[in-house]
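Visitor: With these hints in hand, go ahead and build the complete structure from the sequences.
The chain contents come next:
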Amino acid sequence: MKKSGIWAIILVLLIGIIAGCSSDQSTGTSKDGTVTLKYFAFSPGEDHEDELKAMIAAFEKKNPKIKVDYELASFDDYFTKLQTQIAGNNAPDVFELNYENFVSYASKGALLELDPLIEKDTNFNPDSINKKAYEAFQYDGKQYGMVESFSNVVLFYNKDLFDKAGVEYPNDSWTWKEELAAAEKLTDKKNGVWGTYSPVQFWEFYKTIAQNGGSILNEDKTEVTVNSPENVETLTWMMDKMNKYHVTPTEKEMSGQANEDLFKAGKIAMLRTGIWMFDGFKDVPFKWDIALEPGNTQKAHHFFANGLAVSKKTKNAEAAWKWAQFMSSSEEAAKIRIDSAWELPAVSNDALVKGYLEKSPPESRDVVFKALDTLVVPPVIEEWSKMTDMFGKELDKVKLGQATPEEALKNVEKELNTLIKK
Amino acid sequence: MVGDKGWKKWLVISFFLLPNFIGFLVFIGIPILTSLGLSFTKWDLLSTPEFIGFDNYKGIIEDTEFWSALKNTLLFIIAYLPTVLIVALGIAMLLNKNMKGRAFFRAAYFIPVVSSWVAVSLIWKWLFNPAYGLVNYFLSWFGFVGPDWLQDPQWAMIAIVLTSVWKDTGFVMVLFLAGLQNISETYYEAAEIDGASPLKKFLHITIPLLTPTTFFILIISLINSFQVFDQVMIMTEGGPAGSTTVLVQKIYNHAFRYFEMGYASAVSWVLFLIIFIVTLIQNRLQKRWVDYEQ
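These protein sequence lines map, in sequence, to chains A and B.
Numbering-wise (the UniProt record's numbering), the first sequence opens with residue 1 and increments by one.
Numbering-wise (the UniProt record's numbering), the second sequence opens with residue 1 and increments by one.
These are computed hints drawn from the structure, not numbers from a lab.
The beta carbon of each residue, even a glycine, is placed where N, CA and C say it ideally should be.
Be careful, since some hints might not be right.
Claimed, not checked - Restricting the straight-line Cα-Cα distance to at most 16 angstroms, the calculated cross-link-like pairs of lysine to aspartate or glutamate (EDC-like) are:
| hint | chain 1 | residue 1 | chain 2 | residue 2 |
| --- | --- | --- | --- | --- |
| 1 | A | Lys414 | B | Glu50 |
| 2 | B | Lys42 | A | Glu383 |
| 3 | A | Lys177 | B | Glu189 |
| 4 | A | Lys386 | B | Glu50 |
| 5 | A | Lys108 | B | Glu50 |
Said to hold, decoys possible - Now the in silico label distances, taken between C-beta atoms and shown as ranges:
| hint | chain 1 | residue 1 | chain 2 | residue 2 | range |
| --- | --- | --- | --- | --- | --- |
| 6 | B | Phe24 | A | Glu49 | 52 to 62 angstroms |
| 7 | A | Lys81 | B | Thr83 | 32 to 42 angstroms |
| 8 | B | Ile28 | A | Thr80 | 35 to 45 angstroms |
| 9 | A | Lys315 | B | Pro31 | 26 to 36 angstroms |
Unchecked claim - Which chain B residues face chain A? A few, computed with CB under 7 angstroms, are given here:
| hint | residue |
| --- | --- |
| 10 | Lys42 |
| 11 | Leu45 |
| 12 | Ser47 |
| 13 | Thr48 |
| 14 | Pro130 |
| 15 | Ala131 |
| 16 | Gly242 |
| 17 | Tyr258 |
Guide: Structure below.
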C-alpha cells in the first residue's frame, strides 16, 4: 500500500469523527414552515399504538403545519430514556408524565410553564376538563402539564359466586365489616375460592390507611404521620384477612399466579383492581360488576393520572402546546380513547361520558365517576422511587412474619424522616 | 513493512490500532473517567451536576443498605465460587476420560454458557415456582416439601447461586478441561508404577498441576461474581425484603430508579476498589500455591 493511501484513510476517518461529534440537532422547522414535534410516551404500550396513530392523524388534519413524530417505551424503561434524552440536550418537545413523577420534573425546572400559552389560546377553556384531574398537574400554583387520562381502582365482584353463596351484592354502604362477613361466606376452601383480595404493597397501603382516616404525610408533606394507631390497625387488618380470617390467599397460596388471573378463573369473589381491567375481563364466563370500595371510617379510592408536559427547551412551544391541549381536551382524542377502552379521558363532556357509561360490562360504570368524589392522590415526594422501594421492603418483612405492623411502621417513620428532610 | 525509520513504523502500527483505541476511548475510557468525576457530584440528569466533594463517599459509609448489599454479594461469592469450581472440575475429569458421547456432553454442558442470562433467569424463576416448579416437584419424589425459594429470604440467595452455578459450570469446565489436557500422561504412568492409588494421583498430580488454571478461573470468577446482577434483577429484583440486593443492583437502583448518578458512580468506584484490592491480594498469594511446571 502506498503511503499516501494510508494518510488519505486517516484523513477520512478523522473527518468522520469530527463530523460525527459536531453534527447539530435540527431545530424541527423545515423550510416550508412545517414544524415537526417529537413526542415521547409510555401509556399506549403495545395495545394502543393504533389509537395513538389515529389521534396523531386527527391532530395533523386539524393542524396541517405540524407533524408529530412519536416514540414509545415501556413504563419500566421510559423514565431512564427520558432523563437520558434530557441530559443529552435531546429532549422530546412533548412527553408523557404520570402524576407521581410529574412533581419531580416540575420541581427540577424541566417543564415549560403553560399558563402564558393557555391565556393566549382562545380556543381552549379549562372547564372542558375534569377539574380535579386538571389541577393535579399544577405545581406551585402554575400549570406545568395537561392531564390526558385517568384511571382508578374499584371493587370488582363475581356475581355468580355471590349468587351461589346466597350473599347480597356489595353496595355503597359497605364497610370492611360487611366485606369481611361476605368474604367469610364466599370463601370455599374445597373449590379454592377466596372471598376477597387486595395486595399488601405500597399503593394499596396508602389508600387503605386513608379508608381508616390515616395518612403517610401531613397535608404539606413536612411531617411524617405514618406511625399512627389507625395505620397500625389498618396494616393489621390487611394482614388479618390472610392470616387470621383466611379469606385472602397468601403469596404462597397464590404461588405466583396474578390476582387478575385468579379472578378470571372464578377463584376470587371480590377483587380491588383498576378500571383498566374492564377490557381484560370482557370475556370471562361469569357475570361480574363493580362497586365502590368498602372503607372503614371513610371511603377512599385511588386516582392515577397521565398527562402531557412540554419540555422547557422546546423550540416550538406553540405547536407543542397545541398537541398537549389536543391530547388533553379535544373531543377527537377523547372519543378514540373511550371507543378503545384505553383509560378514561379527563374531559367533562357529558355526551362523551354518556357513551362510556352505556357500555357494559360492567353495568355499574357510574361507579368509576362516583369513586372520584373520594379520591386520594399518592403522597408524592421528590424521593418518590426511594420511598416506594423502602415501603415495599418493610411491607415484605410484615408479610414474611419478620416484623409486626408496629415495628414496620416505626421503621418506615424513621426512614421517611430522613427522606423528606434531604 | 512500510518505512524504514522507527517512527514511521510506529505511525503505521498506531494507525491500525486506532479503530480499537477510539472504540475503547469513546465507550470505555471516557465513561470511566467521567464516572470518577461524577462520583464527586450530585446529578439527577435533569439539572447540572453540582460538586459536593467526598459527600457521596461519606454517604456510602453511613448507608446501611450499602453494607447489607456488600454482605449479600459476599454471601453469594462464598456459596457460588467453591460450588462452581468443584462441580466443574468433577465434570471436566469425567469428560476428560475416553468415554462414549464425550463430544456431545461437552457441548451439552456448554449450552447454558452461550444462552442469554435473561432467558436462563426466566426459566429458572419458573422452575423454582413453589407450586408448579419442577424443582419442588422433583423434591416431592423423595418425600421433601420444597421451600418457597424466591419468596423466602433464606432460600432466595441459594436459588440464585444454584442458577448461577448451572449457567457457569460449562465455562469453568472448558478451562479445566484445557488444563487437564496439558498434564502430561507420563506423570500418571510413573505414579502408577510406584503403586499410587487414584486418589493419590488426583491429590498429588492433578490438583498441583492444575493450579495455574485454577488461579486463572478464580481471578475471572471472583471479578464476575462481584458484579452479579442479571439473574438477581430478573429473578428477585433484590427481594424478598432486600435479602438478595447485591452491589450492582444497588448501583442500578440509584442510577436508574432514583436518578442519583453521582452516588451510583461513587458506589461503582467503591466496587471497583474492592475488586482491585481482592485481585491484588490474589496475585500476591499465588506464589504460595500456584505451581508452574519447570
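Visitor: If you check the beta carbons of Ile28 (chain B) and Thr80 (chain A), does the distance land in 35 to 45 angstroms?
Guide: 21 angstroms, violated
Visitor: Indicate whether the distance between the beta carbons of Lys315 (chain A) and Pro31 (chain B) respects the range 26 to 36 angstroms.
Guide: 29 angstroms, holds
Visitor: Does Tyr258 (chain B) pass the interface check with chain A, least Cβ-Cβ distance below 7 angstroms?
Guide: 5 angstroms, holds
Visitor: Just to be careful, I want the Cα atoms of Lys414 (chain A) and Glu50 (chain B) compared with a cutoff of 16 angstroms; is the pair within it?
Guide: 27 angstroms, violated
Visitor: Against chain A, is Ser47 (chain B) within 7 angstroms by beta-carbon distance?
Guide: Where the cut-off is 7 angstroms and the nearest Cβ of chain A is about 6 angstroms from Ser47 (chain B), the hint holds.
Visitor: Please check whether Ala131 (chain B) passes as an interface residue: C-beta within 7 angstroms of a C-beta belonging to chain A.
Guide: With a closest approach of 3 angstroms, the Ala131 (chain B) hint holds.
Visitor: Once the shortest beta carbon distance from Thr48 (chain B) to chain A is found, is it less than 7 angstroms?
Guide: 10 angstroms, violated
Visitor: Within 32 to 42 angstroms: is that where the Cβ-Cβ distance between Lys81 (chain A) and Thr83 (chain B) falls?
Guide: Given about 38 angstroms between the Cβ atoms, the range holds.
Visitor: Please verify that hint: Leu45 (chain B), Cβ, nearest Cβ of chain A, below 7 angstroms or not.
Guide: 4 angstroms, holds
Visitor: Verify the proposed pairing of Lys108 (chain A) with Glu50 (chain B), using a straight-line Cα cut of 16 angstroms.
Guide: Since the Cα atoms of Lys108 (chain A) and Glu50 (chain B) sit roughly 13 angstroms apart, the hinted pair holds (cutoff 16 angstroms).
Visitor: Holds or violated: is there a CB of chain A closer than 7 angstroms to the CB of Lys42 (chain B)?
Guide: Nearest chain A Cβ about 11 angstroms off; hint violated.
Visitor: Under 7 angstroms is the threshold here; is the Cβ of Gly242 (chain B) close enough to any Cβ of chain A for the hint to stand?
Guide: Holds: closest Cβ of chain A sits about 5 angstroms from Gly242 (chain B), inside 7 angstroms.
Of the hints listed earlier, those the structure fails to meet are numbers 1, 3, 4, 6, 8, 10 and 13, in rising order.
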